Structures are given as structure tokens and as C-alpha cells.
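Protein chains in written order, with the UniProt record's numbering: chain A, 1 to 152; chain B, 1 to 152.
Hints listed in this document are in silico derivations from the structure and should not be mistaken for laboratory results.
There's no promise every hint is true.
One copy or any two copies: either way a pair holds, since identical chains are not told apart in the list.
[Claimed, not checked] Cross-link-like lysine-lysine pairs, in silico, DSS-like; alpha carbons within 27 Å at most: (1) Lys149 x Lys130; (2) Lys38 x Lys127; (3) Lys130 x Lys151; (4) Lys38 x Lys130.
All of these numbers come straight from a predicted model, not from anything done at the bench.
2 protein chains.
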Amino acid sequence: MSALTIREAAPRDLEAIIRLHEEDELGSHGDAWTPETKPAYEAAFAAIAASPENSLFVALDGDEVVGTFQLTFIPSLTSRGALRVKVESVKVKAARRSGGIGAQMMAFAEQEAQRRGARMLELTSNKTRKDAHRFYERLGFACSHEGFKKKF
Amino acid sequence: MSALTIREAAPRDLEAIIRLHEEDELGSHGDAWTPETKPAYEAAFAAIAASPENSLFVALDGDEVVGTFQLTFIPSLTSRGALRVKVESVKVKAARRSGGIGAQMMAFAEQEAQRRGARMLELTSNKTRKDAHRFYERLGFACSHEGFKKKF
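Construct the entire structure; sequences and hints are all you get.
Laid out in C-alpha cells, this is it:
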């Protein structure tokens, strides 16, 4: 592949980002880009863009969006007041998986976290995503926690 | 116990909050309230207070701080742009555990999340905290995810 570019997402990337979410049936989040859902995605995109503590990124191969992830910087008292970073909504285009895109995105996330003074990256991954878990452990993540969710 | 009060933490609560963290050896976060660590906690407290997306709470029995937790409101594209809430740094005073304080704090967290329009609560808990996991499952949380951390 050509060199991957990772940059903050712009409004023009939104449809391509949601198309990556659409490919993911496992998450069961019901994501799809339609005239009905578009306003909710646009509102969420605007909320992320307006937040100093959130950044949404895209990975591009040439002009094609092939990956995305979000970083949330969380000030915290734990660990002597350490800033922590949550990695959220990590997606790689289905046809391009196992090609190193995820690893480049995570390396970028780690650099960005360190640049902003954070001392930890964290993320949760659905228990059924065994390949993803091996991937994160190869990158030096410890699978030390259980992840709980409660939907309303 | 007398009726529990849950409110946003004020600067005067900071030492009592960190004393709750101190009691927790399992987390291995090295938290302790000392002249050396105080400035870092004060800076983190100020960062949380300044963030519209973070709120730190204390649970009080009379004047005594018996519990604490933090909520982080995270705008997200996933699930059609759903706002999610991360519950972080949940601590109950050791001598007061199993007395319903945690359940009252989580009920408050859920109300607060719903009041602000969120559609999900999430949290991670160290895999060794089996009692906490049963507690969260009783409250309707699904243990659906693995939680990964990478410290720098």
C-alpha cells in the first residue's frame, strides 16, 4: 500500500467513517449511513469536534478512508493524578484488515497520548473479538480488566 | 446509616477522596496523600472541575466522605451517535463496604447519565475484583468486554 496518512477527521470524512462502522456486525450497534441517521451522526461529530478532550482520527491510503479511531483524554485522580486516554471506536476497512493499518493507528494513538502528557492508554473490546485481543496483547496491552456495559 | 448524600466534590473533599484511594492496594496505583503528591492531585482535581465532560462525586454519610466516583461523558459516533458515560475511580470506604453505598452511587450515576441524555454506562474493573463483578452484574451491567491497559 502507499504510505498511510493519519489525521484528524474532517466533516467530509463522516460518511466514509460511518461506512466503516456499517461493516461491523459484531458490535451490533446498528450503525448505517441513511438520510434518517445522518443528522444524529452529524450532531455527534460536531460534539466531538467541539470537545477539547476528544479527537476523532482517520487513516487514509491515498484519498481512501481505511481506518478510524477516537481518543478521549480523561483527567483522573487515580495514579497520582495521571491523565489517561481511552481509545474508542477503532475500525479498519474489512477488505484491508491484517495489513498493518491497525498497528499504525495504535502507534499514532500512543504517540499522541504521550505528546499530550498522558500516562496510559486504555480500551475495551468485545469478548468475542479474539483476533483483536491477540493484536492488542502483541502491542503491549495487558488484558487486566473486565469491561461492563449497561444500556438504557 | 443516616441518609446518604451524593453531590459534586469540592476542593475541601480532596484529601478524603485520596484517603479512599489509599485504602485500595489492589489497584496498585500507588495513591497516597502526602506533601509530595498533593500538588498533582490538586492539579488533576482542577482539570476535572474545569472539564464540562467530567464530574467527580462524593457520597457523604453526615459529614464523612464514604465513597467517590467520576463520570466522563463521551460523545461518540457508535450506536448512531450515542453519548456514553464512563464510570471511573469508584471507591467505597473499606470499613463501610457491603452496606449499600456502592449501589446508591451507581443508581445516582445512572440517573445523572440519563438526565444528560446518555444511552449507556460503562466501566472496567480489575479481573481480580470478583466481588465487584458480581455487584455490577446484579445492577444489570453485562460483562461483555475485555479491558486492556497500556501504561507508559
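Quiz item: For which of the previously enumerated hints does the structure constitute a violation, in increasing order of number?
Solution: The structure conflicts with hints 2, 4, although it agrees with all the remaining ones.
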